[in-house]
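There are 2 protein chains.
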Amino acid sequence: MKLYDELLRIIGDSERVSINETVLEQHSKGVAYHAACKPDAVVIPITKEEVSRIVQFANDHSIPLVPFGAGTSLEGHIIPVNGGISLNFTLMNQIISIRPDDFIVTVQPGVTRDQLNHALKKHGLFFPIDPGADASIGGMAATNASGTNSVKYGVMRDQVLGLELVLADGSIIRSGGYSYKSSAGYNLTGLFVGSEGTLGIFTEIILKLQGIPEVICDVKATFPSIEAAGKAATMLLKAGLPIGKIELVDKKTIEAVNAYKQTTYREEPTLFLEFSGSGPDVAYSIEMAQEIVSSEQCKSFEFENDSIKRAQLWEARHHVAFAILAANPGMGMMATDVCVPLSELTNALAHTRKVVEEQGLDAAIFGHVGDGNYHAVLPVDPTSEEQRKQVEEVHKQIVRFALSKGGTCTGEHGIGLGKKAFLQEEHGDLLPIMRGIKATVDPNNILNPGKIFEGVSVTPRLKGSLTS
Amino acid sequence: MKLYDELLRIIGDSERVSINETVLEQHSKGVAYHAACKPDAVVIPITKEEVSRIVQFANDHSIPLVPFGAGTSLEGHIIPVNGGISLNFTLMNQIISIRPDDFIVTVQPGVTRDQLNHALKKHGLFFPIDPGADASIGGMAATNASGTNSVKYGVMRDQVLGLELVLADGSIIRSGGYSYKSSAGYNLTGLFVGSEGTLGIFTEIILKLQGIPEVICDVKATFPSIEAAGKAATMLLKAGLPIGKIELVDKKTIEAVNAYKQTTYREEPTLFLEFSGSGPDVAYSIEMAQEIVSSEQCKSFEFENDSIKRAQLWEARHHVAFAILAANPGMGMMATDVCVPLSELTNALAHTRKVVEEQGLDAAIFGHVGDGNYHAVLPVDPTSEEQRKQVEEVHKQIVRFALSKGGTCTGEHGIGLGKKAFLQEEHGDLLPIMRGIKATVDPNNILNPGKIFEGVSVTPRLKGSLTS
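Protein sequence lines, in the order shown, are assigned to chains A and B. Going from the first sequence to our numbering is simple: count from 1 and add 62. Going from the second sequence to our numbering is simple: count from 1 and add 62.
It is worth saying that the hints were derived from the structure and are not from the lab. Be aware that a few hints might be false.
You can't tell identical chains apart in this list, so a pair holds if it fits in one copy or across any two.
[To be verified] The list that follows gives simulated cross-link-like pairs (lysine to any residue, SDA-like), each with its CA atoms no further than 20 Å apart: (1) Lys100 with Val85; (2) Lys183 with Ile370; (3) Lys300 with His185; (4) Lys214 with Asn367.
In this text the structure is predicted, and so the values were computed from the model without any measurement.
Take these sequences, add in the hints, and give me the full structure.
And the structure:
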């Protein structure tokens, strides 16, 4: 009996089970540089019961399962490196309930963040986690994503109050619930969030929401050096101002944006900020902020309340990754994602630029200054062994610097395929516990095998009678 | 060879190893109603290496180990129900390093929160988690404590960036680190926090800090009914004001405070609030708040900026638990700790008062309105079987109500001894995973056995050659 026939028998709808080469190809890679690898079949479930039946079947036959959301992972999470079944959650995209008085929403994992925020707007609410892409909530929970808002609102894990998930044996369980806090036993919700699809497959996610602030004001300020910009950022954070976002972009990256967009942004290290809160608070904060940054040799300071003009102010920030990729057509992308203590951030940014230049490479370098997380985005030709090595060397030096300061190799993208060796360096003494938990929950290693760490027992590439 | 001799051999200092009956007695109970049970010995370590050696010894001989901080647990966490060794962390109370520019502090587990805040003040920083007692940071991390500040700053788990801990085999490991966020593998830091001493013993804790707000203003507002007070609280939260604390105390509880303190507080459901932030923001918020509550039939509204007068304004709130206990001298205390969705809180408070009255009992009832967590504090004579049954019946009905609304049996006190049956009701489908994790990390079940759930293998009460 073939895999396709078995899956079709379970799902009963040929529109939602596929072994078409184009479909398999679409599920073979993320947006980053990692080598593609096709699944043996793609299933598009519409209910948790279907997910449960597929997982149970896969477990019975030791077939790898890879959950697939919006496909925007930067660390190869969705690549079926051992083949098997890709579970595409596009059709499990219902917003199940909005509870405005509780500041809570329950969604299926395929809901995207733009879709969610669109639905929340009429209630005066929003969901604050904003990775660059219009990612799925399931994927964001799987990688513990964050973005520019985390300085004010925290990361994905801080928003997830509860989960419904399917375990490796097909059982459907619930963790957490509808209360804002709990000390009821081990924090399994916070363990499943960030487990990259290796411990269970989400079918429902309960999220905390935020009220849309009364006033939002954006600021762009430029500085003579990255050190001055970094110092200004620290002073702003210490002043306790209601900072919603605080982002730093280095000079070379602004130059790349100008070249790409034919714009004339000041080619200086630039801080992008957002203040949000009550009208009087934001007005007072802008005044304070201007005073603080002028003592750090600020060269230009612009601020804007209007939402369209605010977007224009941030344009240079939003184009940084595209600018680098556009200058290197046809190439893949490698994004570093380290996080360091705040006081080490400007040193780390300068060190990163130096390391990139030593290898004769291009990179956009920009940081979430509020939490010490920053990215170097490097174009990479996946077919060039030499370039891969150069990029990997840059990555290694950036991570080693971060770890030497007590930082982490990944602030928001996850370990996935590309950072397994770094996880060993960072948390070698925790890996036995992580592997022990994995073995307890997924003894046959069918759930997204090969991600985070090599499996307890490596699931073999699917062979034999079930191969389609 | 006797237990005492063995421990003395490891520690080498008779001042820090004890089998004195008074000392054992001091380590036999918490502040709540649970039956006392003495350890076989008490050890007071001063280094992580000593902790490691004691744990290794205990593991080799299957001797239970119970970490002991300030002794203020409300759920019997520190009671050695299977005997064994109490590890008292009083002398591991060093603040290892304060990093003001990183908003980070590293402490030993015996540091108390008052001690920490005293040391932080000169840096303009503070640590926001405030359970009623002057608890130890180790104990607060073990139970995922919170308090009145969590509506603004989150709970203990949100503050712990990293841990050094001793595992059951005596190995010393580190999780997390000095970065504000990380997606590096499974979130073990967040798993150890709230594990109630059952997965590892903390020897160092890295905490996130907050800047002391520019202005703090406290408010006391009274209402004709608990429903009106609850509705006002919801409106205040939805208005997005910079609320630092928001607490609700019911009418009967204020009456008990007046009787206890001979005060004349208005005997009406009362909201206690704190606003903090910039001067203009707080002024604006008080104005807005007054407007909002008057539309909910607010009967009295007082506010205060001065720190001494602020404390006076909160006096009635601070005395609620004492008032009930003072009216019932010599009795123990049972504190419920459920958490419900915000929209259910006033219903839950009214239901709780009804349940308490049906049993003819006294109780202080007060809630952290910002996160739906509230307490009923009941005096209980531990020697009266009938009263225990009554109190347990009240507890059960309160928890059942909370669970029926998607809430939790414990918001901040933990499961400990008294809520194991409720954990089964709330998260029965998660218990096999929790037990699996426990068995992976502590196969001999020596770390605080009998807490959260019955052990994988129950450690027998210490017998035989090692008995002192």
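Verification of the supplied hints:
In this homomeric assembly, Lys100 and Val85 come within 20 Å of each other (Cα to Cα) only inside a single copy, at 9 Å, whereas the closest approach across copies is 65 Å. For a Cα distance limit of 20 Å, the shortest separation of Lys183 from Ile370 inside one copy, 17 Å, qualifies, whereas the shortest one across copies, 42 Å, does not. For a Cα distance limit of 20 Å, the shortest separation of Lys300 from His185 across copies, 10 Å, qualifies, whereas the shortest one inside one copy, 33 Å, does not. When the C-alpha separation of Lys214 and Asn367 is checked against a cutoff of 20 Å, the pair qualifies only within one copy, where the shortest distance is 19 Å, while the shortest distance between copies is 25 Å.
Figure legend: structure checked against the earlier numbered hints; every hint is met.
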